[in-house]
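Novice: Order-wise, the sequence lines are chains D and C. With the working numbering, letter number 159 in the first sequence gets 159, and the count goes up by one each step, no holes. Here the working numbering = 1-based position in the second sequence + 1000.
Quick caveat, the hints were computed from the structure, so don't treat them as lab data. Incorrect hints may have been included.
To be verified - Here are the computed distance ranges between Cβ atoms for each label pair:
(1) C:Gly1385 - D:Arg185: 27 to 35 Å
(2) D:Leu25 - C:Gly1412: 49 to 57 Å
(3) C:Ala1375 - D:Ala100: 52 to 60 Å
(4) C:Gly1385 - D:Ala97: 30 to 38 Å
(5) C:Gly1412 - D:Ala97: 25 to 33 Å
(6) D:Cys247 - C:Val1319: 50 to 58 Å
Since the structure is predicted, the reported quantities are computational estimates derived from the model, not experimental observations. Beta carbons: idealized from backbone N, C-alpha and C, even for Gly.
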Amino acid sequence: MESSELRAMKKPKTEENLTNPFDLLSEELVFLVLDFLSENPFDRESFSLVCKYFYSVEAKHRKTLKPLRPKQLASVLTRYPNVTRLDLTLCPILTDASLAEISNACGSNLTSIDLSRSRFFSGAGLLNLALNCQNLVEIDLSNATELRDSGAAAVAEAKNLERLWLARCKMITDLGVGCIAVGCRKLRLISLKWCLGVGDFGVGLIAVKCKEIRSLDLSFLPITDECFPSILKLQYLEDLVLEGCFCIDDSSLEVLKCSCMSLKQKLDMSSCQNITHVGLSSLTHGAGENLQELTLSYVSPVTLALADSLGKLPRLQSIKLDGCPVTCAGLKAIGNWCVSLKELSLSKCSGVIDDGLSSLVTKHTDLRKLDITCCRQITYVSIAQITNSCTALTSLKMESCTLVPREAFVLIGQQCHFLEELDLTDNEIDDEGFPLSLILGGVKDYYVKQKTHPLFLCAGLESISRCSKLSSLKLGICLNITDKGVAQVGFSCSKLNELDLYRCTNITDSGISVIAYGCPDLEMINIAYCKDVTDNSLLSLSKCSRLNTFESRGCPLITSLGLAAIAVQCKQLAKLDIKKCSNIDDTGMIPLAYFSQNLRQINLSYTAVTDAGLLKLASIGCLQSLTILHLDGLTPSGLATALLACEGLTKVKLQASFKSLIPQPLLKHLEGRGCVFQWRDKVLRAELDPRCWKLKLEDIM
Amino acid sequence: MDLEEELCAGEWGNSSSGNELTKELSSDHPSYSDFSSQQCQQKWDNASMIGFGIGIETSFQGYGRPSVVQGGVPLSLNNQAKILGQEDVQMHDIQQTNKIPDWDPNAMLNNLSLLEEKIHQLQDLVQLIAGRRGQVLGQPDELVFQQQQLVTADLTSIIAQLISTAGSLLPSVKNTLPAVVPSTVQLGQPGRVNLAPELRMNDDVQPQKNGGSKTSEESNQTDMTGNYVAEHNNLLDEHELKDEEDADEGENLPPGTYEILQLEKEEILAPHTHFCAICGKGFKRDANLRMHMRGHGDEYKTPAALAKPHKDPGSEPVVIKRYSCPYAGCKRNKDHKKFQPLKTILCVKNHYKRTHCDKSYTCSRCNIKKFSVIADLKTHEKHCGKDKWLCSCGTTFSRKDKLFGHIALFQGHIPAIPLDEARGNVGPADHPTEIEATNKGSVNSVNFNFRSTTPGEAVAQDIMDLNGGLDDPTACFSPLNFENCNFGGFHEFPRPPFEDSESSFSFLLSGSCSYPPKTRGESSSNNLE
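Just chain D, same shape as in the assembly (with noise of 0.2 Å):
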């Protein structure tokens, strides 16, 4: 980037006497042409690089930043002087200097500052930033662990404040949200999720002083009756999220009965376990009346009561009943509510079976997203009924429905024509029901060539348009499916995003390689433990520029080679898990040093990386997790200076037995650098076959 930054300042003087046609350019046309250039940051990177024009008037253009380093923070804030928004996640020491350094750069400017992941800063850092930037509208502040109340009230100072997020700041207590509701008065978003030094009090006091807030986020908060009647006086609640709150009983909810709002849109509260019907049917005496998301997961049985308590609610359009026990009767008397839900969630509910949910969905024929993940007993009945009448299903989750037999996915692909979102992991799903009827819709037999005529691949897809929708597809643990069936969602699905293959051991090359070419835009996918896969997956892979997330555990077949084609042509990759595969070596790690400067995560475990590799991974600034377990070319010197070197470690999990080899100073100056170690005493075990795991897997059940 320095050399052709450097080309660009020279090309003018060189050809000083031509005139440069970018002159005719306005800004503005330039501007426009920017904004079409969102999606990939590359892009707009390599268009800076044009000329000297274009590098000033992007750097103009651009609005959101999210810094790599915090080092360079000061060069890159003066580059971009009208930065309105400021994502701060890839620096995690963000010192209360580096925020002063921002707040006099960014000024009245700065909107909106991300400092979720970032630490070493204090309420003065962010007094500084409150005072200097008054016009910001939007701070994250969560997981700030160490921010104390007099933090809070700095950024109390933010006047303008209208988002905030403060999950897990464990030691703010109510005197500091109490400043923080006087001080910022115009919030509209507030969580104050896990901030378990809040009480009623706090909470009384946002509801009290901040009269526009749409959303409020209480989970897990020791939160009573007592902040209710105040919570329920805000004209304009629309989100309310009361999850894990385990102090609000049904009499809490009495108040609702009591109070005129009909406001929320959304009610979150999962895990309040001393909810029961009781409580809930207040919901449906005015309370409720502009309720459209209910979330009950793991609050109380779905019983007829339950279900004929919430049937009155008459804007219900989503209910989530994750982990509650449910009866028959209960379902078929949400079947019979008067409304049609658009999402149901029954994961992880025990006594879901054939007879409810068929009536159930029989009922609601508008369903869009259907989640019976883990719903053991349910049978081909279930799913026909599903497929029947809800046809308009754009996301289903069906998790181990593990007495679904093959013959039922087939109908999924033949009416569900609008899925985007489809788990069918851990299920008896083989190539015949599965690519036969969701992808190619009966052409049977199709010979699978790594590189097909694109016009006959053209032919192919045209005719299955109908799933070309699919954006999510998890197969992991189908033991049954093949090359054939993924060669098939290949040509099918190019919107696809991301494909889970974990465990499809009978998954080769022929099978990767159709995806990578017929899903472009793949940004996740997972082979890990498809032993057979080979470099020539990666290499196909690597045509998926905007691969973010590459998991390839136990491949062993898998070189440095297959990786550094991977490296060089998937700059976007940001978690990488190359674990046991134990043929990737330090070759591998250099062009990953090298051109994946986005990675954030790496898992190398059991590979044939030594100290030399790990060093060389060290120059990748924004490098955050790195997990190293039975590494056997690892020295602890080479591990010290390679730990020294990567400055923006957070996380780093490895042997126990380095713990004792490597100076304590050492561990400490990394401890203070705002890096945990997890040490780890794993014993190498040896690879199960698969089948037997899947078995075992059936005896926990």
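Knowing the structure of chain D, use the given hints to seat chain C on it.
Specialist: Positioned in the frame of chain D, the structure of chain C alone reads:
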């Protein structure tokens, strides 16, 4: 009654011939001081009269206390004194006549001689009252009461004239600011100045010239002053109800079913621990009490009674004894309309100290809270510092819910973060003590300057604004602060403690309505001449 009328007429007559005495002004000083000390020693039975004296005292505290206590602005107090306290005014006027005679000396001298004469009248009257006190005992109550009323009316009228005359001296004095520290000291003394009636009476100054309609007018005046006192009492009561830990609100004894004892102030404040169950007199030693008991009758002379300090409860008819606070106008005073008696002597002592005395015991921990009862101080010191719930306005709360209730109620108040936590991170709201310290100086001085320069409605308004706009440090640690603000008019900021703010308001407001500072005073003095 005739006697009194004659007396009054005589006094009025004297007043016109007072000019001759002008040259004796300086020699008048001793007599004046005599008078005030005398008055202090008087045992007043006349409730309404005491009421006047005390009414002004309390209202005056509204000004006097902050400045005296905090040593903020003795200078500006001078003007206050002129408006409020005639004696003080006179004294200063005298000083000033000697110092800076750059105004019309003749008019001045006339006025001063008039003042002097009035003071003599006042002195006479007071002596008369003092002399009469012994005779009163034998007379029927009604008659005594009427006579007292008349005397009171005379007193008030004389004082009114005094003030108006003194007021005529005001404008010329205004520019000079002599040191008035002594006057502030005097302000604290009870029974010295009768201002309250004057405030109401300015409209009625003339009628006193026409002797015929005097009585009716006078009774009106007293009624009005009575009202004033009552008003004032209501305010006091609010305070008292909260403050009185031994409040006997539940008790509803019909009046007359119990015997009322009223101890004198000195008696109450004396460090006695043994009290006579019959008359309430206190003693340092039990033996002295026993000796005293003998004076109450033969039954106490028996060896048994002398040996045993407590008499047998069953031996004599049970007369319920209740106690009255000697502070006129107090709800605990027997002359109050809604009199609520105090149950025991201890209640009296505590009540009197808490409500009517200076808070001289300062907490050694916080150096802020003050108490008049030492037990209260000790109770406080046990918990002092544990009032960890602090608002940015400086108010402390022992309970978190109180703090949050307070913050929910007021705009702009934020919870203060404890200092030990905020180390290094200096939030603007983190240092309530600093805020308080800065306010301490500024606010008060501003208040005073305003008040002294332009009396009237505008001033009152200003003060209200000030009280509303700035945090008065005296408010910060009032335990009543929060509750007061609940029913008070100002919802923006806490006000000064109840007594101070209310009384100063009421005074200024009433003053602005009924007290024409200069012209009226001159006219009345002219009339008198």
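Novice: Indicate, hint by hint, whether the structure satisfies it.
Specialist: A quick look at each hint next to the structure:
{"no.": "1", "hint": "C:Gly1385 - D:Arg185: 27 to 35 Å", "verdict": "holds (33 Å)"}
{"no.": "2", "hint": "D:Leu25 - C:Gly1412: 49 to 57 Å", "verdict": "holds (52 Å)"}
{"no.": "3", "hint": "C:Ala1375 - D:Ala100: 52 to 60 Å", "verdict": "holds (53 Å)"}
{"no.": "4", "hint": "C:Gly1385 - D:Ala97: 30 to 38 Å", "verdict": "holds (36 Å)"}
{"no.": "5", "hint": "C:Gly1412 - D:Ala97: 25 to 33 Å", "verdict": "holds (31 Å)"}
{"no.": "6", "hint": "D:Cys247 - C:Val1319: 50 to 58 Å", "verdict": "holds (57 Å)"}
Violation of the numbered hints given earlier is absent; every hint is satisfied by the structure.
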